[in-house]
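Taken in sequence, the protein lines are chains A and B. Going by the working numbering, the first sequence opens with residue 10, and the numbers climb by one from there. Going by the working numbering, the second sequence opens with residue 66, and the numbers climb by one from there.
Certain hints may be false.
BS3-like cross-link-like pairs, simulated, lysine-lysine; straight-line CA separation at most 27 Å [as the list claims (entries may be wrong)]: (1) A:Lys92 / A:Lys58; (2) A:Lys92 / A:Lys63; (3) B:Lys138 / A:Lys131; (4) A:Lys131 / A:Lys229; (5) B:Lys141 / B:Lys118; (6) B:Lys136 / A:Lys131; (7) B:Lys135 / B:Lys118; (8) A:Lys63 / A:Lys87; (9) A:Lys231 / A:Lys131; (10) B:Lys136 / B:Lys118; (11) A:Lys87 / A:Lys76; (12) B:Lys115 / B:Lys138; (13) B:Lys141 / A:Lys131; (14) B:Lys175 / A:Lys166; (15) B:Lys179 / A:Lys166.
Calculated from the structure, these hints are not laboratory results. In this text, all values refer to a predicted model and were calculated from it rather than measured experimentally.
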Amino acid sequence: MLNYILRRLLILIPILIFISLFIFVIMKLTPGDPALVLLGERATEQALKQTRIKYGLDQPLHIQYFKMMENFLKGDLKSINYKENVISVIINRLPATLELGATALVIAILVSIPAGIISAIKRNSLFDYFSMSIALLGISIPVFYTGIILMYIFAVKLNWLPASGYGGHIWTKEGFKYFILPAVSLSFVLMASTTRLTRSSILEVIQEDYIRTARAKGVKEKSVILIHAFKNALVPIVTNIGNQVAGIFAGAVLTETVFAWPGVGRLAVNAIFRRDEPLVFGCVIFLSAVYVIVNLIVDLVYTLINPQITYE
Amino acid sequence: MILRCLIVLLGFNLITLIFNLSKTTSSKDNLISYLLFILVTLALGFLLTKVRKANKINSNIQTASALTWKKLKRNKNAVFGLIIIIILVYISILAPFIMPHDPLEMNWGKTTQKPSLEHWFGTDEFGRDIFSRAIYGVRIALGIGLLAVVLNTLLGTFLGLIAGYYGGRVDNLIMRAIEMWNSIPFILMAIALIAALGSGLLNLILVVSITGIMQFARVIRSSVLGIKKADYVLAAKVMGIPDRQIIIRHILPNCIAPIIVLATLRIGEMILTIAGLSFLGLGIQPPMPALGSMLSSGQQYISENLMMSIVPGTMILLIVFAFNLLGDGLRDALDSKLSN
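Using the sequences provided together with the hints, build the complete structure.
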C-alpha cells in the first residue's frame, strides 16, 4: 500500500515536467511581447530592453525554461503583474476557490445521493420522473446560465442576496450571503450527474443475489438499502465524485467569472490574458498537481469502500 | 406520411431554389443553405425508406439496426430529442430565410428593447434583433459542435483502435500520453492554446476537438480488447490478412455501437464547452453572434433586458438537452451493458 502511494507520487514528477514543458511552449508560441504588454504601447526601446533583461526574456528559450523551473522550485518565481511571489499569489486566492468548491460539493452530495437512492427504490414513480428530469436539465444547462438566472431572481428582483463578489470566509455571517448563489449554481451541475449515477448503480446492485438473500432473511428494507445495497453501489459513485472534484476547477473558472469571485480560476484566466508568464506557469502546474493528487486520493478511497480492490 | 411531407418540402425548396437562381441575387451563403437543406432532406428520406423496407420485408427476421430502431422508437424521450434536433438542424440550415432581421444590423435608436411585434425577443445593447442573433448563434454552435465531434471521434477511435489492437508498448505509450494530456485542467489548456494560436473558428474547432479524447480512446480500447480475442479475428490473422484490413474490416464494425453513443453524448458537452469559451471571450469573436458571448453581454445588461440572457441561454440548454436525450436513448438501445 505504502509502496503504491510512493510510486504514484513519483509518477507525479514526470507528469508535472511534461505539463511545465507543454505550457512553456504554448506561452512562447503566443504572439506579442510580454514586456510590451507590461509597459504599454508608448514604452521606449530602452525601457523595453531593460524589462526584458529584468525578467530574463532576452535569453535563449531553454535557458529561460530552466531558469523558470529553478525559480519555481526554489519558491521565488515572481509574477510580473503582482510583483509578488507566484506561490503566495496563488495561496492568497486559494481559500476562496476551495471554500466555494467544497461548499458546492457538500451541497451536491447531500442532495444527490438521497435523491438518487429514492429514485432507484421508487422506480417509475412521480418522484423518480421529477428528479431524473431535473438531473437531465442539470447536465444540459451551462453553469453560467444557472448563475445568471439565480442572480436575476435573488439579487436583482428580490434583492435578498448580493449579486457578486466575495464577502469574507463562509463561516462569517456577511461572507455566507455571498457564498449562496455561486455555490448553488456550481453544485447544480455536480448534483445532476451524481443523482443519475447513484440511481443507476443502486438499480444494478438491487438485482444481485445477496440483496435477495438479505430480504429473505427478513432484514429490514431500510438496512437492506442503506447497508447492503448502498455500500456496494459506492465505487462508481466515488469515481464520479472524484471526477467532479477535478471538474469543479474547470467549472470554477466560469462560476468565478460570472460572480466576480476572486479565486484561482479567474486568476489563471486573467494571467493568460495579461501575458503574465510566470503566473500562468505557476497556476497551471499548481492546478494540475491538485488534479493528479485528487485522483490518487480517489483511488485510495476505493480500497476503503471495496476490500476486493488492493494495490500492490 | 412523413416521407410524403419530406418530398413536398423538397419539391417546394427546389422550385424556390430555381426561382432564386434565375433572379441571380442569391448570395453564396444562401446557396450553401439550399444545398445543405437538400442533402439533409434526402438523407432523412433515404433513412426512412430503409426503415420502412426493413419493416415490410419480414417481421420475423430482424437485422440489428432494425432492432435498434425499434428500441429507440419505443423510448419517448429519445424520439423527442431526435425531433428537437431535426427541427434545430433545419432552423439553422434555413437561418438566412427565417431571420426577420440582419443579426449584425445595429440600431442605436432601439437599444435593449422589450419583445415587440417587430423584434420578437427584443433587442440587445446595440439594438440588434435578439431572435435573429439566437437563430444564427444556433447555426454556428451546431456547425462547430458537429465538426468538432467528427474530428474528436476520428482521433479518439484511431487512438483507441491502435492502442487496443497492438497492445504492449504502443498501448502503454498512448495511454500514458493521454493521461498526462488529461491532467491539465481542460479549460485552462483551451484558454492557453487559443491565446497562443489566435481565436479563429478553425482554431476553436481544433482545440475543442482534442478534449475528451481520453474518454473516447479508453472505451474504444476496451471494446477492441474484447473483440481481438474473437475467433474470426484469429482466423483472419492466420489467413495472413494485413493488420490494417483486420482493423478496418473486422474490428471497427464491431465498435460502432459505443462510438455512436459516445459521439452523441459528446456533442452536448462540446457545445457547452464552446459556449463557455465564448462566454469568457475566447470562442467565436464578435460581431459574429455566438450564444456564449450573447449571454456574457446579457449579464452586463441584466437589469435592463433579461431577454438578452434568457434567449441564448435557453437555446444552448435546448440543443444540449436534445442531444443528451437522444444519447441516453441510443445507449439504452445499442449497448445492453450500459443500459439499466
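Are any of the numbered hints broken by this structure? If so, which, sorted upward? none
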